[in-house]
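S.K.: This is what each chain is made of:
Number of protein chains: 2
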Amino acid sequence: MFFNPTITALSSGMASLLAPIPLLATVDPENSPIVLSGVLLSLVVIYLASKLGAEAAMKFNLPPVLGELVAGVIVGISALHLIVFPEGGMSVANSGIMTVLQSINSMSPAAVTSVFESQSEIISVLAELGVIILLFEIGLESDLRQLKEVGIQATFVACVGVAVPFAAGTAGLMIIFHTAAIPAIFAGAALTATSIGITSKVLSELGRLKSKEGQIIVGAAVIDDVLGIIVLAVVASLAKTGEIDVVNVIYLIVGATAFLLGSILLGGIFNKTFATVVDKLKTRGNIVMPAFIFAFFMAFIGNAIHLEAILGAFAAGLVLDESDARNELDELIKPVADLFVPIFFVTVGARADLGVLNPTVPENRAGLLIAVFLVVVAIFGKLVTGWAVFGQPGINRLAIGVGMIPRGEVGLVFAGIGSASGALDKPLEVSIIIMVILTTFVAPPFLRIAFGDTVEPPATGEPSSDKTAISG
Amino acid sequence: MFFNPTITALSSGMASLLAPIPLLATVDPENSPIVLSGVLLSLVVIYLASKLGAEAAMKFNLPPVLGELVAGVIVGISALHLIVFPEGGMSVANSGIMTVLQSINSMSPAAVTSVFESQSEIISVLAELGVIILLFEIGLESDLRQLKEVGIQATFVACVGVAVPFAAGTAGLMIIFHTAAIPAIFAGAALTATSIGITSKVLSELGRLKSKEGQIIVGAAVIDDVLGIIVLAVVASLAKTGEIDVVNVIYLIVGATAFLLGSILLGGIFNKTFATVVDKLKTRGNIVMPAFIFAFFMAFIGNAIHLEAILGAFAAGLVLDESDARNELDELIKPVADLFVPIFFVTVGARADLGVLNPTVPENRAGLLIAVFLVVVAIFGKLVTGWAVFGQPGINRLAIGVGMIPRGEVGLVFAGIGSASGALDKPLEVSIIIMVILTTFVAPPFLRIAFGDTVEPPATGEPSSDKTAISG
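Sequences listed follow chains A and B, in order.
Using my numbering, read the first sequence as starting at 851 and increasing by one per residue.
Using my numbering, read the second sequence as starting at 851 and increasing by one per residue.
Honestly, I wouldn't trust all of these hints.
Chain copies aren't distinguished; within one or between two, either way the pair holds.
Unchecked claim - Straight line, CA to CA, 30 Å or less: simulated DSBU-like cross-link-like pairs of lysine-lysine: (1) Lys1122 / Lys909; (2) Lys998 / Lys1276; (3) Lys1184 / Lys1276; (4) Lys1130 / Lys909; (5) Lys1184 / Lys998; (6) Lys998 / Lys1132; (7) Lys1062 / Lys1132; (8) Lys1062 / Lys909; (9) Lys1184 / Lys1062.
The set of hints was computed from the structure by calculation and includes no laboratory data.
Using the sequences and the hints given, assemble the complete structure.
M.R.: Okay, here's the thing in C-alpha cells:
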C-alpha cells in the first residue's frame, strides 16, 4: 500500500511510523497469520467442494471435473459466497471466508480489505499453478509421436475452429444485433479459444486422451490457444488504439510457433540430461525437483515472451514424455496434481456468476438474447471442425467437434480484458460469460455421449482412475 | 491498494476509472501474468538452490537441510539478492527477480512495487504451507504411543530449555550490558523456542526420528513451541502496555494444552472416519485430499485460536499416524513435501542477513558483542536440557541437548515482532538474528556428531533417503 515506490526503500522500522497508511499484509506482521488462515480455510473449502462434487458426478456417471466445476459454482459468487474474488466487484462483506476470519480476529477495515485481497490473490496464483501442473501432466500423458502424426489435422481443426466462430459471431452481432464493429469483433474473438484444460481433463477421465480423436483435440486446442492469444493481442490493440499493431502480430505468430517447435526439438537433448541428472542426485526429491524446475521454467518462458504459461508447461511435459525417469515421474506427479488442479476447477466455477442468467432482472434480458446467439455460434462453430479432418476414414468427427466446444478460462480472460478496456458493454460481457459457462458445462457430458461411452468408469480404491482407464 | 474499503464494493469497471490510484495486482488484469512470472521464476531459483545445496551438503557428509539453508543465504539478501522480501527493508531495485521481470515487461513504478509485494507475499505463504506440510509429515512419521511414553521427559526438557535461556539471557543482558528491563526480557524470550522444523528434518535425515532421543526432542520442541508462543504473547503485551494481560496468558496455556490433548483424543475417532472415507471415494486423490483437508483444517484451527498453524498440522499427522491408509499416504505425501518444504528452508536462509555479522561496520560492533553472549547462552541454555531427562539410563543426553539448539523461524518471528513493536533497538535485533542464524547452522552437524553418526547416508536413486534411513 505504498503511494510512492521510494517508500519501500525505507526500513520496516521507519515504515511502521507511517501507521495511518494502511500497510500491505506482507508489511504488517500482525496480518500475515490472518492471511495464512484465510488461505488455509479457502483450501479446505475448495478441497471439500471438489471432492464432494467429483464423487457426486461419478455417482451420476458424469465426468468428475464437471462435478468440481458445479461445486465451484455452489461455493462461489453464485450461491454460498464462500470463495469470492475482488475482481467480480465483490466486497469483503460478501466473502464467507472473510466473515469467519473477522469473527475470530479483530481487524481494522483497512486490514480486512488488505487480507481479503492478499488471500484472493494467493488462491488465484495457486489456481494458476494448478492449471500449469495440469497441462504439465497432460503433456506427460500425451504421445509426442502420435501428436506429430496428427499435427496437420490438428492445425486444420484449429484454424476452422477459430475462423468460423469468429466470422459468424462478429457478422451476426453486427447484422442481427446492430452492435458496433469493435465490440462485435471483441465478442467474436472471445468465441475462438478452446479450453484445453477442461477438454483434456475430460478426455483423460474418459480414457480417450491417447485415442486419435483425443490427440487431434489436444493438438488443436494447443494451436487454438496460440491462435486465441494472437487474436486477443490483435483485438486488444485494435480496441485501444483503433488500429492493428502489425509488428506485434507477426511477433506473436513467429514467437509461438518457434517456442513450441523449438522446445520439442531441444527436448530430445534435455531428455538425456534429465535422465542423467536424476541418476546423479542422491537427496530427496531427485525426480520431482528437476521435473518441476523444468516445467516451471518453461511456464515462465511461455509467460515471459507474452504467450501463456500453460503452453510452456505443456511443452515441458511433452518433452519429458519419452524420458527414462518418466514412469516414476508419472506416479510422483499425481498427488501434486491432485492437490493443485482442483483449485483451478473450483475457482473457475466460483468466479462464474450465474446471477447474470436470471431473466427476471431487466438488465439481463438484452444480454440473454445475445447470449443465446453466442452460445449457438460457439457450439456449432466448433462442431463443424470435426468435418475439417481429412484422410482419416472412420474417425469420430462428432467427438472432435464436441471436444473443441468448451471455452473455460480463456473465454473468461477475454471477458475480463474486454470489460477492463471498455470495449465491451455490460450486456455483451454478460453474454460472453454465459457462453463460457454453458460451453464449459455442456461439453463434458456431450463428449461422453459422442464417444458412445456408456462403460462404467473403473471403480477403484486406487487414486488414479484415469490412468487405469487409459491402460484399459 | 484501496485507501477505503468501500471502494472494493465498486465494480471493476468503475474501479478502472480511478486509474491514478495504484491498483493491487489482483485488480489490474495486466499485472497478474507478471506476478505469476515472478512466482514461477522465484520457484525455479528456490528449487535449483535447494537441490544444489542439498547435494553439496551430502557430498561433505552434512545434512541436506543445512545445504538448503546455506543455498538460501546465497540466493537471498546476503549475497545474490535473487530472493528478497520487502520486510527486510529491501526495495524493488534490490530484487534480482524483479530486475529480470522489469527487463521483459514495461511496468509503471507503482506496478513494479505492487508486483514485488504480491510475489513476495505469495512466496511467503508457499513457505508457510511448506512448514505446515513438513510438520504434517513429521507428525505422520512420529509414533504417538512412543511420544506418550516420553511425554513427561519431553515436558521436563522443554521447561528447562525455556527457563534457563530466558533467565540467563535476561539477567546477563541487564547485569553485563546494562540493557533496560523490557528489551532484556524480550531478547531473553527470543532465546526460548526451539525450531521444530529444522531439528526434526535433521533427525529424519539421520534416521533418528523414531529413536527415544528423537522422540523426546520432537516432543520437547512441540511443547517448547507452545511455551514460546505463550512467552511471546506475554512479552509482547508487556512491551505494548507495560503490564501483563493475565487473562490472555491463562487462555494461551489452557488453549494450547486443550488443543493438543483434544486433538489426540478426538484422533482415535477421526482415524476410523478417515479410513472409511478413503475406502468410499472413487475419484482421483481419494487419499491425499481427505488427508490434506484434515491437515489444513487443523492448521487453520491452530492459527485461528492464536496458537500456531504448524501445531495443528503436527497434531493432524500424529492422529493419522495409526490410520489404515497411512502407508499409502506416506508415499503420496512425499512428492508434495519435496516441492513445498524446500521453499521454507531456502526462504529462511534468504531472509537471514549475514551483513549484520560484518565487524568492519561500526554499528555492528555493539551488536556483535551482545550476539556472542546470546549465542553462548542459546547453546548452553539448551545443552543442559539433556541432563533434565531422568529415569532413562544410557540415553544420549548430549544429543537431546544439541537437538534443542536451533531457533530458526520462531526466533526470527521474535526479532520481527520485537523490532516492529519498538521494544528492540538495532544492536539487540541484530544480535537476535545472529543468534538465530548460528544456532540454526550449528545444530545439524553437531547433532550428527552427538549421535556418533559417521555412517554414509544411504545413496539411493529412490526419492526418500530419510525413509530408507529410518527402516535401516
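S.K.: Next step is simple, just say for each hint if it's right about the structure.
M.R.: Right, here's what the structure says about each hint:
1. In this homomeric assembly, lysine 1122 and lysine 909 come within 30 Å of each other (Cα to Cα) only across copies, at 23 Å, whereas the closest approach inside a single copy is 44 Å.
2. Taking the shortest Cα distances, lysine 998 and lysine 1276 never come within 30 Å of each other, neither inside one copy (42 Å) nor across copies (63 Å).
3. In this assembly of identical chains, the alpha carbons of lysine 1184 and lysine 1276 never lie at most 30 Å apart, being 41 Å within a copy and 48 Å across copies at closest.
4. For a Cα distance limit of 30 Å, the shortest separation of lysine 1130 from lysine 909 across copies, 12 Å, qualifies, whereas the shortest one inside one copy, 46 Å, does not.
5. For the identical chains of this complex, lysine 1184 and lysine 998 are intra-copy neighbours only, at 26 Å inside a copy versus 35 Å across copies, given an alpha-carbon limit of 30 Å.
6. In this assembly of identical chains, lysine 998 and lysine 1132 lie within 30 Å of each other by CA distance neither inside one copy nor across copies; the values are 36 Å within and 34 Å between.
7. Taking the shortest alpha-carbon separations for lysine 1062 and lysine 1132, only the inter-copy value of 27 Å comes in at or below 30 Å, while the best intra-copy value is 40 Å.
8. Proximity of lysine 1062 to lysine 909 under the C-alpha cut-off of 30 Å is restricted to the intra-copy arrangement: shortest distance 28 Å within a copy versus 48 Å between copies.
9. Proximity of lysine 1184 and lysine 1062 under a CA criterion of 30 Å is satisfied intra-copy only: 24 Å inside one chain copy versus 35 Å between copies.
Violated hints for the displayed structure, listed by number in ascending order: 2, 3 and 6.
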